[in-house]
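Colleague: What follows is each chain in one-letter form.
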Amino acid sequence: MSAQLLLMQDIWKGFGGLWANRGVSFDLLAGEVHALLGENGAGKSTLMNVLVGLYRQDRGRIFLEGREVRFSSPRDAIRAGIGMVHQHFMLVEKMTVWENVALGMEGLGLGLKREEVLRRIEEASRRYSLEVDPKAHIWQLSVGERQRVEILRTLMSNPRVLVLDEPTSVLTPQESEGLFRTLRRVREEGRGVIFISHKLREVMEVADRITVMRGGERVATLRAEEVSEERLAELMIGRKLRLEYSKPSPSGSILAREEVLRVEDLRVEGDRANLAVDGISLSVRGGTILGVAGVAGNGQRELVEAIAGLRRPLSGRIYLLGKDITHAPVRERIALGLSYIPAERGQVGLVGDLDLVDNVALKDYWKGGLSFDRRRFEERAGRLVREFDVRVQRLDGPVKNMSGGNMQRLLLARELSSDPVLVVAVHPTWGLDVAATEFVRERLLEERGKGKAILLISEDLEEIMALSDLIAVISRGKIMGILKPEEADERRIGLMMMGEREG
Amino acid sequence: MGIRFRRRFEEGGLRWALASAAGVLFALLLSAALLALRGISPASFFYVLLEAPFGSSYGLKETAVKAVPIAFCALAVSLSFRMLLWNIGAEGQLHLGAFAAALFARHLDWGSRALNLPAMGLSAFVAGGLYASLVGLLKVRLRVNEVISSLMLNYVALLWMDYLVYGPWKDPSSLGFPMTPLIPPSHSLPVLIPPRLHLGVLLVVLSSAALHLLLERTSFGYEVRVTGSSKEASLYAGMNYWRNVLLVMFLSGGLAGLAGFCEFSGLIHRLQPSMSPGYGFTGITVAWLSRVKPLVALPVSYLVAALFVAGDALQISFRLPLASVQVVQGLVLTFALVGDFFSRYELVLEGRAGEGDA
Chain A
1 MSAQLLLMQD
11 IWKGFGGLWA
21 NRGVSFDLLA
31 GEVHALLGEN
41 GAGKSTLMNV
51 LVGLYRQDRG
61 RIFLEGREVR
71 FSSPRDAIRA
81 GIGMVHQHFM
91 LVEKMTVWEN
101 VALGMEGLGL
111 GLKREEVLRR
121 IEEASRRYSL
131 EVDPKAHIWQ
141 LSVGERQRVE
151 ILRTLMSNPR
161 VLVLDEPTSV
171 LTPQESEGLF
181 RTLRRVREEG
191 RGVIFISHKL
201 REVMEVADRI
211 TVMRGGERVA
221 TLRAEEVSEE
231 RLAELMIGRK
241 LRLEYSKPSP
251 SGSILAREEV
261 LRVEDLRVEG
271 DRANLAVDGI
281 SLSVRGGTIL
291 GVAGVAGNGQ
301 RELVEAIAGL
311 RRPLSGRIYL
321 LGKDITHAPV
331 RERIALGLSY
341 IPAERGQVGL
351 VGDLDLVDNV
361 ALKDYWKGGL
371 SFDRRRFEER
381 AGRLVREFDV
391 RVQRLDGPVK
401 NMSGGNMQRL
411 LLARELSSDP
421 VLVVAVHPTW
431 GLDVAATEFV
441 RERLLEERGK
451 GKAILLISED
461 LEEIMALSDL
471 IAVISRGKIM
481 GILKPEEADE
491 RRIGLMMMGE
501 REG
Chain B
1 MGIRFRRRFE
11 EGGLRWALAS
21 AAGVLFALLL
31 SAALLALRGI
41 SPASFFYVLL
51 EAPFGSSYGL
61 KETAVKAVPI
71 AFCALAVSLS
81 FRMLLWNIGA
91 EGQLHLGAFA
101 AALFARHLDW
111 GSRALNLPAM
121 GLSAFVAGGL
131 YASLVGLLKV
141 RLRVNEVISS
151 LMLNYVALLW
161 MDYLVYGPWK
171 DPSSLGFPMT
181 PLIPPSHSLP
191 VLIPPRLHLG
201 VLLVVLSSAA
211 LHLLLERTSF
221 GYEVRVTGSS
231 KEASLYAGMN
241 YWRNVLLVMF
251 LSGGLAGLAG
261 FCEFSGLIHR
271 LQPSMSPGYG
281 FTGITVAWLS
291 RVKPLVALPV
301 SYLVAALFVA
311 GDALQISFRL
321 PLASVQVVQG
331 LVLTFALVGD
341 FFSRYELVLE
351 GRAGEGDA
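Protein chains in written order, with our numbering: chain A, 1 to 503; chain B, 1 to 358.
Partial pick of chain B residues on the chain A-facing surface, computed with a CB cut under 7 angstroms:
| id | residue |
| --- | --- |
| 1 | T218 |
| 2 | S219 |
| 3 | L235 |
Pairs of lysine-lysine residues, derived as DSS-like cross-links and limited to a Cα-Cα distance of at most 30 angstroms, are as follows:
| id | chain 1 | residue 1 | chain 2 | residue 2 |
| --- | --- | --- | --- | --- |
| 4 | A | K400 | A | K199 |
| 5 | A | K400 | B | K293 |
| 6 | B | K231 | A | K323 |
From the structure, some residues in chain B lie toward chain A, with a derived Cβ separation under 7 angstroms:
| id | residue |
| --- | --- |
| 7 | R217 |
| 8 | Y222 |
| 9 | V226 |
| 10 | Y236 |
| 11 | A237 |
| 12 | G238 |
No lab work stands behind these hints, which were simulated from the structure alone.
Glycine is no exception: its CB is placed at the ideal position from the N, C-alpha and C atoms.
I would like the entire structure built from these sequences, with the hints used as guidance.
Modeller: Take a look at the structure:
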């Protein structure tokens, strides 16, 4: 039996009357990977933020190698040997890899000892098989490469406990494999790894033990080899998980259906004047869902914004029901039946400071001419709230105070109630709990059933495979190939996401 | 042990009023202490402070007179701030408004007030509006930051005014004082309540109501509210951001221009170097204190005007230099804003474990 590295005992943490952690206990042994599994909002991140000194627990004690510790800042935690890789990287984009690593180093003294830093990076990078180019600038790196830098930097502070917060959400399946290899190496050195995730499969693959959290409480701690995926899912959401969506296959050939969206050889510039979309052609037919799979930052945003009219393409054509809308103003596209559910639901799709009624009006407030008649929208808001099960106490009050799930229900309500011909949905279930996720997916399938064309952009491969009639894989602004879900598997899509052309 | 500010979930109106009032009270106590060092008893300080603006019907009316230009500027600034356009050029736009009204009065007389005054008001509105549109145009065409351009244009307007009153428009019979001749009653706003409370007070109340309706009941106002919360959302909904920038700047400058019109035609009746003791800048504070709500801007303007009236009285009663009075005024406005801040944010002490911190 290995020695206990860390013990968190009966941790309570509340925010304004709500308990995010209710008497959670957690321990970590030397040389193990201990996964913390739970849905968004289960309290995983809160628990870890307490551990690294970002939050202070209301009650409970933390012991590191038997000694009670009390951190008042992340710096204290790092000094004591706890390193955390956050979901949002803390890297300076304009600096090089080695400069970023040097930023976090102690004991360098005054002046940057470039050669020494480079030597240490090389050494650590070999030891953990984390391949990086120390002289590259951060902005030149892909998300996966950035994560390697972040992990390398954390490991170089020689932590006894390494915490990784949802590390695979930005990785291709192959990159995740690489990460797991690194973690096994870290484990062999007798360090402890805490791996936060909501993905069952990878938790089963990488962890020695698994602690499941739900609603701020610890539900169970199990050994990975003693438990099944189904059992974990049940523990995590408190009931049986729905793994299949009923998706009646479209009658007849897809190609026989009307082409709703057609994109021809589209080129779009990104914010850094890079060619973000590099000659994409695709087509979405009525009653079908075209899923676009790919790692974030490979041109999805620019593609969608060009379709929605928020970004001018350099060249190429976009047709909606045969009409050329390449340069049409946004409002004309909306009038033609284009619905757009953007990734940033609280900043773009909805207006955070305004209330629910004002938000319902966003797409057709102008139909009343010069005057804005709130009463008209109040009625509609009330109806949509009931129909889409948006849970709010009142219709006034800024929507930014609503939960992510309720925001998404409201956004869907507005976008789908306008009876669109094309729905463009970007990461529609990102950050939602299971109930809201199911709701969103069912509504999209329902629209498909009504004959609408749906362009679905998602990083969640399972979602893409469960919902799509066709899957397009995007990498560096190009479509690598288009697959049918039955001929697609994670490995194959993963390779295409990394730029291998097929089909 | 750390101290942190955390945004409050609910920003109640009552908490805002109480916190701002507490800030003002604190500033006044601090001022009383400072003035006590100069031998002024706190009791007499508070007496003058309250008696001058509120203690007589004359004081109440004088306060209203001063509140007019402050409120116009506050409305001007509120509108632009609503769309996150930082127009801090109300002072210059006010002067352009006064200039346009004076230009009309100098060259045209259409026979009656009923014809002259609307024409003067309209020219003041258009002049202030066009002047502010310059800022909008620079932003739209060349991406010039509106803070810089609107601030700089203040000085251009003030110097233009100086040029006129020291130069070509100087009254030859003014014994060398830099001022234009007095305008005749045919070009003056009628006095509602003697001695000096003019029609401008009605105009500003109407403007405030009109601005409120514009924001809440028109499609254009809706666009302004959406854009002010999220520019991305406004583009997503197909709104024309650049057109709205120009429109909002025009209307904002126009409201500030009306402040100039009222001061010229209602109160001073001539152009002189000091048409405004910084109403355009006071308007920024008032807009912020009233949370850019046009209806709230009126009472807040009145209270700030009271502070100006009290300042004059303090100068006279205690023979204080202007600078001392400005210290008091500065303290009050600053701490009112501090109070406002605390009604939006709460202070969190990250102390010992077991406390309800976040």
